[in-house]
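So the sequences go chain by chain: X and B. Oh and the first sequence: position 188 is 188 in my numbering, straight run, nothing missing. Oh and the second sequence: position 75 is 75 in my numbering, straight run, nothing missing.
Hints are supplied without guarantee of correctness; some may be wrong.
[As the list claims (entries may be wrong)] Reference excerpt, derived from the structure (chain X facing chain B, CB under 10 angstroms, subset only):
no., residue
1, THR109
2, PHE121
3, ASN167
4, ALA178
5, LYS180
6, ASN185
7, CYS186
8, THR189
9, VAL191
10, GLN285
[Claimed, not checked] BS3-like cross-link-like pairs, simulated, lysine-lysine; straight-line CA separation at most 27 angstroms:
no., chain 1, residue 1, chain 2, residue 2
11, X, LYS180, B, LYS196
12, B, LYS199, X, LYS196
13, X, LYS199, B, LYS26
FYI, nobody ran anything at the bench for these hints, they're computed from the structure. Here a beta-carbon is modelled for each residue, glycine too, at the ideal position from N, C-alpha and C.
There are 2 protein chains.
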Amino acid sequence: MQLLDGKATSQAIKDELKLAVDKRIKEGSKTPHLAAVLVGNDGGSLTYVNAKVKACEQIGFQSSLIRYDDTVTEAELLAKIIELNNDDEIDGFIVQLPLPNHIDELKITMAIDPDKDVDGFHPQNLGKMMLNLPSFLPATPAGILELMKRNGIETSGKDCVVIGRSNIVGMPLSIMLAKKNDPGNCTVTLVHSRTKNIKKKVLQADIIIAAIGQPGFVTADMVKEGAVIIDVGTTRVVDSSKKNGWALKGDVDFANVAEKCSYITPVPGGVGPMTIASLMINTLQSMELRNK
Amino acid sequence: MQLLDGKATSQAIKDELKLAVDKRIKEGSKTPHLAAVLVGNDGGSLTYVNAKVKACEQIGFQSSLIRYDDTVTEAELLAKIIELNNDDEIDGFIVQLPLPNHIDELKITMAIDPDKDVDGFHPQNLGKMMLNLPSFLPATPAGILELMKRNGIETSGKDCVVIGRSNIVGMPLSIMLAKKNDPGNCTVTLVHSRTKNIKKKVLQADIIIAAIGQPGFVTADMVKEGAVIIDVGTTRVVDSSKKNGWALKGDVDFANVAEKCSYITPVPGGVGPMTIASLMINTLQSMELRNK
Chain X
1 MQLLDGKATS QAIKDELKLA VDKRIKEGSK TPHLAAVLVG NDGGSLTYVN AKVKACEQIG
61 FQSSLIRYDD TVTEAELLAK IIELNNDDEI DGFIVQLPLP NHIDELKITM AIDPDKDVDG
121 FHPQNLGKMM LNLPSFLPAT PAGILELMKR NGIETSGKDC VVIGRSNIVG MPLSIMLAKK
181 NDPGNCTVTL VHSRTKNIKK KVLQADIIIA AIGQPGFVTA DMVKEGAVII DVGTTRVVDS
241 SKKNGWALKG DVDFANVAEK CSYITPVPGG VGPMTIASLM INTLQSMELR NK
Chain B
1 MQLLDGKATS QAIKDELKLA VDKRIKEGSK TPHLAAVLVG NDGGSLTYVN AKVKACEQIG
61 FQSSLIRYDD TVTEAELLAK IIELNNDDEI DGFIVQLPLP NHIDELKITM AIDPDKDVDG
121 FHPQNLGKMM LNLPSFLPAT PAGILELMKR NGIETSGKDC VVIGRSNIVG MPLSIMLAKK
181 NDPGNCTVTL VHSRTKNIKK KVLQADIIIA AIGQPGFVTA DMVKEGAVII DVGTTRVVDS
241 SKKNGWALKG DVDFANVAEK CSYITPVPGG VGPMTIASLM INTLQSMELR NK
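Excised from the complex, chain X in its bound form (with noise of 0.2 angstroms):
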């Protein structure tokens, strides 16, 4: 078994990004900026925009943080990204979701710009995607296919199940993951709550994709020997043996499961950073569009 280390492949992307931004600035262009507005006091949020701003400041990105109290309004946060929309100096922003409920997530997708939508949710950069138009990829599944590109794993012609269809991670990823592209050409079967018979279908697949957000979900008995594990969920649990008492835990389980499979990605290091990489990826693309 071998780990595929997303921190690592994550940290030479950005090492590759800084080189690419210090020559662009050398040349003249402007520094690229991505702002972050993170909604109410979400522990697992904070954590991930901080990672985010300071993925920034050591490619050398520009960076602000917007911060609200969760009591603020669906119309404030909206024109707030609308100032984002216009404002020339900024790259691209993200919204840290998830939002309290009494503002509507979709709402606010559907008000980014998507030439600033680094996160590629907006519905414009999910359909340039499926027609393989130049688009934001969505960060999580463009860092999964990067991770594997990087670590020589072949998708062509492999049996892939994808768990879960989220918006953000399972739909896209499986299409993404068919796409007659490299990485890609995989035949992907996409699993979710009104499957039958999961633990049969993950045993086919070569590569397994779990990103459900349920700790331990995958186990060994359902994962054939020598496959590919791709481990997307981060799930806060209860772990008094840690300072803060808990700890990330993934959909797989992964002391079992890392004894049958070829490669296994971690939680935390694995997904996790290579999201984050694939967000600078945006961000530097987007400064590169938006002064061409």
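Given the coordinates of chain X, assemble chain B onto it according to the supplied hints.
Here is chain B on its own, set in the frame of chain X:
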């Protein structure tokens, strides 16, 4: 085995649409108006476009057929699309594909106002479909779902294999079947030219959707007893017994598969008429949205 009679189902939809249109017009609405742009003299394209115009007449829609010689330039075609986009009289329009090689089909598709894109090919409509937002659903996939629904075919929890990953049928249909909708909630496997052991995969399916344009590709030994078969293929093959010298062949070996399956669409008279019904549904919907 029961035939999934697309002609009869499409007729039932058209009858309902005629009543709905008559009612709208009595209430003071404008008459829905569909325009179709046809380039060249391909016999298949001409047949499809004529069928669409005829359907408009049956329902009481207005229709306009705009024809170009296959020497038309991309610029001329784009100018017409912009004109149709801006013409308030037109509720929706289609550009019949395929187009001659010197015209970029994607460029043409992208130029169509998503709010008049009743074929549902524009990335904005595809992306909205992915997110379950109101949109024009791609006509052929939507017609297939409607055909199953109106014939009482349960999809939830079923294993479905979609053969072919085209932008206009296989790819969007695989998503629509997998989503948490009714019809939907299938476990979908999308197979294509790079798939290994296609036969084994198709054999496991409760619902088989063939959309690759290879006459007779799905043979009886690939079909589980009692499966539901949807045949999207329409390839012209030489047939000297026919007056015009050819016959339309589906992707399924109908004669032998029919004996094993529970439901099957004929070719012609299965999916084809349903595509037209979807187009009519989208056009009425567009008129209503535009005149709200």
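Hints versus structure:
With a cut of 10 angstroms, the hint placing THR109 (chain X) at the interface with chain B holds, because the nearest CB-to-CB distance is about 8 angstroms. Given hint, PHE121 (chain X) at the interface with chain B, holds; its Cβ is 9 angstroms from that chain's nearest Cβ, closer than 10 angstroms. Of the supplied interface hints, the one on ASN167 (chain X) holds, with its beta-carbon coming within about 6 angstroms of a beta-carbon of chain B, less than 10 angstroms. Taken as an interface hint, ALA178 (chain X) checks out: its beta carbon lies about 5 angstroms from the nearest beta carbon of chain B, inside 10 angstroms.
With a cut of 10 angstroms, the hint placing LYS180 (chain X) at the interface with chain B holds, because the nearest CB-to-CB distance is about 7 angstroms. Because the smallest distance between the Cβ of ASN185 (chain X) and any Cβ of chain B comes to about 4 angstroms, under 10 angstroms, the interface hint for this residue holds. For CYS186 (chain X), the interface hint holds, since its Cβ comes within 10 angstroms of a Cβ in chain B; the closest pair sits about 8 angstroms apart. About 4 angstroms separates the beta-carbon of THR189 (chain X) from the nearest beta-carbon of chain B, less than 10 angstroms, and the hint is met.
With 10 angstroms as the threshold, the beta carbon of VAL191 (chain X) comes within range of chain B, its nearest partner Cβ sitting at about 6 angstroms, so the hint holds. Among the interface hints, the one on GLN285 (chain X) is violated; its C-beta lies about 18 angstroms from the nearest C-beta in chain B, farther than the 10 angstroms criterion. Among the hinted pairs, LYS180 (chain X) with LYS196 (chain B) is consistent with the structure: their alpha-carbon atoms are about 15 angstroms apart, no more than 27 angstroms. The suggested pairing of LYS199 (chain B) with LYS196 (chain X) holds, with an alpha-carbon distance near 20 angstroms, which does not exceed 27 angstroms.
Annotation: proposed proximity of LYS199 (chain X) to LYS26 (chain B) is violated, straight-line Cα distance about 57 angstroms (limit 27 angstroms).
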